[in-house]
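Undergrad: Here is how the chains run, residue by residue.
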Amino acid sequence: MIGNRRLSRTVRMVLAFATALAAAFPLYWMVNTALTPSDRLFRGDQDALPDLSRAGHLLGVLTSDTPFLRWMTNSAIVAIGTSALSLIIATMAAYALSRYRFHGRGVLGFALFATQMLPEALLVVPLYSLFATLGLLNQLHGLILVNTSFAMPVAVWILKAAIDGVPYEIEESARVDGAGPLTVLRIVVVPVVTPALAAAAVITFFDGWNEYLFATTFMQDADRWVASTGLASFIGEYSTPLDTVFSAAVLFTVPAVVFFVLVQRRIVSGLTAGSVKG
Amino acid sequence: MKTRRPPTKSRGGRVITWAPYAFAAAAAGYLLVFTAIPLLRGVQLGFTDTRLLNPVGGEGTGLHNYSKLLADSAFWSSVWTTLVYTAGTVAGSLFLGTGAALLVNRAFAGRTLARVLLTLPWAVPTVAAALLFRWIYNDQTGVANSATRALGIGAQGWLTDPSVGMIAVLGATIWKVTPLVMLVVLAALQSIPDELYESTRIDGADALSAFRAVAWPALLPTLRVVALLMTIWSFRRFEVIWLLTGGGPADATNTLVINVYRTAFSDSRLGMAAAIGVLGLVLSLAVTVVYFVAERRSERTELRAGGAA
Amino acid sequence: MRRFRERDAGRRGPGVKGAGLRGARRRTAGALAVGVLLAVAAVGCANPRGGAEGPKPEQGGTLTFASWHWLESGRGELLQAAVSKYTARRPGVTIRKQAVTRAEYEKTMSTQIGAGRGPDVFIIPDTYFPELAEADALEPLDGLLDPATEARLLPAASDFVVGGKRLALLSEQSPYGLFWNKKLLDQAGVTPPKSFDELFTAAETVHKRTGKIGFAGRHQMNEEPIWWSDHANWTYGFGGRWSDGERLTINSPQNVAAETAFKKMYDSPAFSLGDDASTYRSKFAAGQVGLIIDCATCMRTMVNDNKVVPTGSVGGSAIPFPSGGGSAYVALGLGINPHSRNKALARDFLKWLYSPEGQQALQRVNHPSTVGTDIEVPADLLATTPWVKPVYDALPKARKPVVDGFGSDTPRIRRIVLSQVERILTRDADPETALDQAQREAVEETR
Numbered sequence: 524m525i526g527n528r529r530l531s532r533t534v535r536m537v538l539a540f541a542t543a544l545a546a547a548f549p550l551y552w553m554v555n556t557a558l559t560p561s562d563r564l565f566r567g568d569q570d571a572l573p574d575l576s577r578a579g580h581l582l583g584v585l586t587s588d589t590p591f592l593r594w595m596t597n598s599a600i601v602a603i604g605t606s607a608l609s610l611i612i613a614t615m616a617a618y619a620l621s622r623y624r625f626h627g628r629g630v631l632g633f634a635l636f637a638t639q640m641l642p643e644a645l646l647v648v649p650l651y652s653l654f655a656t657l658g659l660l661n662q663l664h665g666l667i668l669v670n671t672s673f674a675m676p677v678a679v680w681i682l683k684a685a686i687d688g689v690p691y692e693i694e695e696s697a698r699v700d701g702a703g704p705l706t707v708l709r710i711v712v713v714p715v716v717t718p719a720l721a722a723a724a725v726i727t728f729f730d731g732w733n734e735y736l737f738a739t740t741f742m743q744d745a746d747r748w749v750a751s752t753g754l755a756s757f758i759g760e761y762s763t764p765l766d767t768v769f770s771a772a773v774l775f776t777v778p779a780v781v782f783f784v785l786v787q788r789r790i791v792s793g794l795t796a797g798s799v800k801g
Numbered sequence: 002m003k004t005r006r007p008p009t010k011s012r013g014g015r016v017i018t019w020a021p022y023a024f025a026a027a028a029a030g031y032l033l034v035f036t037a038i039p040l041l042r043g044v045q046l047g048f049t050d051t052r053l054l055n056p057v058g059g060e061g062t063g064l065h066n067y068s069k070l071l072a073d074s075a076f077w078s079s080v081w082t083t084l085v086y087t088a089g090t091v092a093g094s095l096f097l098g099t100g101a102a103l104l105v106n107r108a109f110a111g112r113t114l115a116r117v118l119l120t121l122p123w124a125v126p127t128v129a130a131a132l133l134f135r136w137i138y139n140d141q142t143g144v145a146n147s148a149t150r151a152l153g154i155g156a157q158g159w160l161t162d163p164s165v166g167m168i169a170v171l172g173a174t175i176w177k178v179t180p181l182v183m184l185v186v187l188a189a190l191q192s193i194p195d196e197l198y199e200s201t202r203i204d205g206a207d208a209l210s211a212f213r214a215v216a217w218p219a220l221l222p223t224l225r226v227v228a229l230l231m232t233i234w235s236f237r238r239f240e241v242i243w244l245l246t247g248g249g250p251a252d253a254t255n256t257l258v259i260n261v262y263r264t265a266f267s268d269s270r271l272g273m274a275a276a277i278g279v280l281g282l283v284l285s286l287a288v289t290v291v292y293f294v295a296e297r298r299s300e301r302t303e304l305r306a307g308g309a310a
Numbered sequence: 263m264r265r266f267r268e269r270d271a272g273r274r275g276p277g278v279k280g281a282g283l284r285g286a287r288r289r290t291a292g293a294l295a296v297g298v299l300l301a302v303a304a305v306g307c308a309n310p311r312g313g314a315e316g317p318k319p320e321q322g323g324t325l326t327f328a329s330w331h332w333l334e335s336g337r338g339e340l341l342q343a344a345v346s347k348y349t350a351r352r353p354g355v356t357i358r359k360q361a362v363t364r365a366e367y368e369k370t371m372s373t374q375i376g377a378g379r380g381p382d383v384f385i386i387p388d389t390y391f392p393e394l395a396e397a398d399a400l401e402p403l404d405g406l407l408d409p410a411t412e413a414r415l416l417p418a419a420s421d422f423v424v425g426g427k428r429l430a431l432l433s434e435q436s437p438y439g440l441f442w443n444k445k446l447l448d449q450a451g452v453t454p455p456k457s458f459d460e461l462f463t464a465a466e467t468v469h470k471r472t473g474k475i476g477f478a479g480r481h482q483m484n485e486e487p488i489w490w491s492d493h494a495n496w497t498y499g500f501g502g503r504w505s506d507g508e509r510l511t512i513n514s515p516q517n518v519a520a521e522t523a524f525k526k527m528y529d530s531p532a533f534s535l536g537d538d539a540s541t542y543r544s545k546f547a548a549g550q551v552g553l554i555i556d557c558a559t560c561m562r563t564m565v566n567d568n569k570v571v572p573t574g575s576v577g578g579s580a581i582p583f584p585s586g587g588g589s590a591y592v593a594l595g596l597g598i599n600p601h602s603r604n605k606a607l608a609r610d611f612l613k614w615l616y617s618p619e620g621q622q623a624l625q626r627v628n629h630p631s632t633v634g635t636d637i638e639v640p641a642d643l644l645a646t647t648p649w650v651k652p653v654y655d656a657l658p659k660a661r662k663p664v665v666d667g668f669g670s671d672t673p674r675i676r677r678i679v680l681s682q683v684e685r686i687l688t689r690d691a692d693p694e695t696a697l698d699q700a701q702r703e704a705v706e707e708t709r
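Residue numbers (this note's numbering), protein chains in the order written: chain U, 524 to 801; chain G, 2 to 310; chain F, 263 to 709.
Among the hints, erroneous ones may be present.
Claimed, not checked - Capping the alpha-carbon separation at 35 Å, the derived lysine-lysine pairs in DSBU-like fashion look like this: (1) Lys662/F / Lys69/G; (2) Lys69/G / Lys525/F; (3) Lys427/F / Lys445/F; (4) Lys470/F / Lys525/F; (5) Lys662/F / Lys525/F; (6) Lys651/F / Lys470/F.
To be verified - A short list of chain U residues far from chain F (calculated; beta carbon distances all over 10 Å): (7) Arg566; (8) Asp588; (9) Ala702; (10) Thr706; (11) Thr740; (12) Ile758; (13) Pro764.
Keep in mind the hints are simulated off the structure, nothing from the lab.
For every residue, glycine included, the Cβ atom is placed at its ideal position computed from N, Cα and C.
Based on the provided sequences and hints, a complete structural model is requested.
TA: If you want it as structure tokens, here you go:
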């Protein structure tokens with residue numbers, strides 16, 4: 524019996540690592556490509572192991588004539604802005620949906636869900652007109668606003684599920700002490716749902732960091748592009764050395780990966796709070 | 002699971018009536034301005050012959066766009082492509098995501114590392130992933146063909162041969178979205194109390210029947226929701242497909258969303274594109290409705306079964 | 263992840279319904295309705311036709327200039343240098359670069375101009391021009407140039423005239439040619455091809471003897487607008503046309519012959535299968551491609567500052583297809599957005615660009631493309647492109663890739679034809695049947 528369990532543990536470990544390596548391989552290949560000189564790549568002469576002495580070339584794109592650092596900064600502004608705005612709106616909405624019964628509650632819940640069905644391609648032209656009128660084109664905060672409309676609903680679900688799991692009693696004592704609803708939300712509820720907030724923060728951050736279609740359509744000046752637009756501009760007509768393109772891809776990927784690894788544990792516990800609800 | 006819901010809501014106490022409206026106002030206003038109104042405008046465009054260069058100058062053409070689409074075999078093949086893409090993504094990501102979650106649910110040496118590696122693809126920006134897979138799938142110099150040549154399958158035209166184009170796009174998509182499925186399933190698995198496993202083990206059950214008796218019923222609701230989300234997200238997924246193939250080779254990956262984008266922006270036919278978008282939305286809504294109906298029905302069955310026991 | 267139980271949960275949740283609330287709701291509803299109306303108005307009517315003359319050139323101002331050339335390494339700096347000659351004359355004026363990738367160019371311009379925004383001055387690809395003209399999305403430029411300049415305009419300048427009205431100025435005309443890596447051809451022991459059959463054999467021999475790519479060209483839908491221009495070299499080269507000016511001739515025997523030849527090349531292991539232009543051009547620059555059909559300007563980008571394949575090791579000729587050099591050219595125009603709020607400035611800029619000083623400056627950017635007028639190309643520029651002479655000589659026989667008589671339908675005809683070409687290439691469809699079907703669909707579409 525015991526031996527059997529140890530065996531199954533070993534099998535599980537081997538299987539888990541085989542799958543993990545398969546999942547990580549494309550990422551490894553991205554770094555490998557960035558570290559191989561461009562002319563060797565085009566000769567089809569890419570080694571399985573990269574030449575680590577070329578690690579400095581990973582930063583090569585920063586000194587090239589494209590404003591890649593500027594694009595990364597813009598992406599960071601958009602991603603952090605999207606995440607912050609989404610969390611503020613979503614926390615309040617989630618609290619309302621979880622704790623109150625009010626008119627339009629069902630409609631709001633459905634509308635939040637329905638946003639996930641809408642193809643951006645259908646909305647991009649009407650949104651462009653709206654943004655033109657509001658003077659939001661070519662502005663990073665315009666991008667934050669449009670990204671939030673897709674990211675915020677996801678945050679509402681995660682947070683609503685988490686707040687559903689918080690016993691109402693802990694709010695009652697604060698209310699008896701005369702605290703208003705906003706204070707209760709801020710002082711009592713928010714601290715309890717931090718794992719869910721972390722999960723929602725990561726998901727909305729990625730939405731902002733990744734977004735491509737609106738960023739490409741709404742931003743005119745190359746200085747105001749975000750990294751996804753900048754990187755996609757390399758997939759095109761004119762020849763930038765491929766190792767430089769891939770070093771840009773690596774640099775664009777690293778912050779998201781680091782951020783993700785740092786908060787990974789919290790994501791699982793944040794989603795746990797949400798997913799136990801049945 | 003419903004019995005474990007905390008008894009919070011029925012004990013409301015004094016509720017200030019404006020509070021929920023104030024709390025929900027920001028989200029509601031946001032949806033109205035940035036989603037509902039542009040959407041209404043989009044729906045309205047579907048009944049016109051509007052061109053991209055003059056988005057307010059279109060003339061009403063009634064149901065012309067729709068009748069044209071419904072009679073167009075290219076449209077239906079685009080619907081079919083969407084269904085294939087969605088089914089492939091949902092099945093692939095759910096199977097692999099659940100499998101991976103089960104593998105790393107229990108402790109073993111290096112579990113944290115395995116877990117991090119398994120979830121990394123999710124953190125890769127979509128544009129970077131598309132760029133990467135274009136290189137991996139390159140006909141002459143891509144590593145995918147080095148692998149198939151080594152395996153004796155021979156080189157494939159991953160992004161050039163219509164019969165494998167969908168597989169290539171599915172591969173990249175599943176790679177990218179599976180980690181999210183894994184994380185959610187893992188979260189659900191970790192919320193199953195250990196005692197439940199212990200009790201089955203005392204009963205002498207093997208791993209498979211323990212899984213069937215304990216984990217599967219607990220996972221099922223989560224899997225259903227994840228399946229629904231993956232379905233509607235796949236219906237509207239744009240960037241990976243657009244940047245990898247642009248809908249090709251030979252329309253093999255021309256899903257409805259790609260079709261909308263091409264019709265609007267390459268052909269400048271905004272009105273027709275809106276009509277395609279609306280039909281895609283109807284498809285998405287239909288799936289959601291079917292899901293909720295099925296959900297209700299299975300709930301009633303569960304309740305009845307619970308009452309009988 | 264259970265988040266969709268709002269209704270059920272709601273029924274159990276706390277909540278108070280009262281008459282006061284109803285009143286409040288009505289007021290909220292009223293305010294909401296006003297907000298919705300305003301937003302609907304914003305979405306629906308954001309199209310202020312007109313624009314404005316704006317400041318006088320002497321007063322200065324900012325002029326936005328949209329082009330994908332800003333992004334092109336080498337060429338972006340040259341363009342910057344050229345326009346700075348203008349800003350030196352007009353010290354108060356700043357040129358603001360709007361960089362858009364080639365692939366996203368038409369859709370970005372259409373979205374912006376459609377919403378009543380967009381750049382002041384912008385580059386206009388020939389295949390995009392008819393659509394802009396039809397939608398009144400170009401400011402007429404009649405009378406902008408003096409008669410002496412008008413007299414020196416290249417024939418292709420008339421591509422941007424509709425019904426006698428000049429809607430854009432020719433910015434450049436780029437000829438296509440066949441180019442080869444001399445070293446690879448020598449290694450393989452083949453001579454520059456003089457016919458399609460020789461081209462095919464040369465490509466295969468290069469591939470067999472050196473292991474490199476024999477022939478490269480665009481062949482995929484995700485490069486649709488530019489693939490169309492590239493592909494026209496095959497159609498025109500085999501004596502085909504997309505229309506006779508009145509009726510579509512998509513399934514003509516010459517067109518079928520062109521597709522059959524292209525398919526033969528595509529199926530050869532020597533072909534650059536799956537590579538987009540940026541990839542095969544990089545491969546050419548890395549010495550990995552034997553022969554290539556491309557625009558002359560693109561070839562200059564490939565050999566610019568290149569130590570592996572320097573400009574002297576490249577050969578060039580007219581495209582050696584049966585019609586004897588009938589090939590395609592790409593013409594780019596420069597026009598003024600009717601929504602520009604700086605029209606006076608924009609006209610002043612274009613006027614300067616067409617002055618002798620402006621044309622000389624632009625020639626440095628465009629070479630080996632032409633500029634809008636017939637000017638002497640400086641010898642130092644010609645020396646950088648020893649392979650271009652035979653390509654220039656073939657230019658008078660070249661044609662634009664717009665479908666004659668179907669100008670603004672070109673994008674839709676393009677989609678239909680290239681979809682069928684893709685079927686020929688990837689699904690082995692019979693060229694004649696496929697083009698028959700394209701003909702039927704296109705006739706239906708343009709009726």
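Undergrad: All hints are to be evaluated individually against the structure, with a verdict given for each.
TA: Here is how each hint holds up against the structure:
no.	hint	in the structure
1	Lys662/F / Lys69/G	holds, 32 Å
2	Lys69/G / Lys525/F	holds, 32 Å
3	Lys427/F / Lys445/F	violated, 49 Å
4	Lys470/F / Lys525/F	holds, 19 Å
5	Lys662/F / Lys525/F	holds, 23 Å
6	Lys651/F / Lys470/F	holds, 30 Å
7	Arg566	violated, 6 Å
8	Asp588	violated, 7 Å
9	Ala702	holds, 17 Å
10	Thr706	holds, 18 Å
11	Thr740	violated, 6 Å
12	Ile758	violated, 7 Å
13	Pro764	violated, 7 Å
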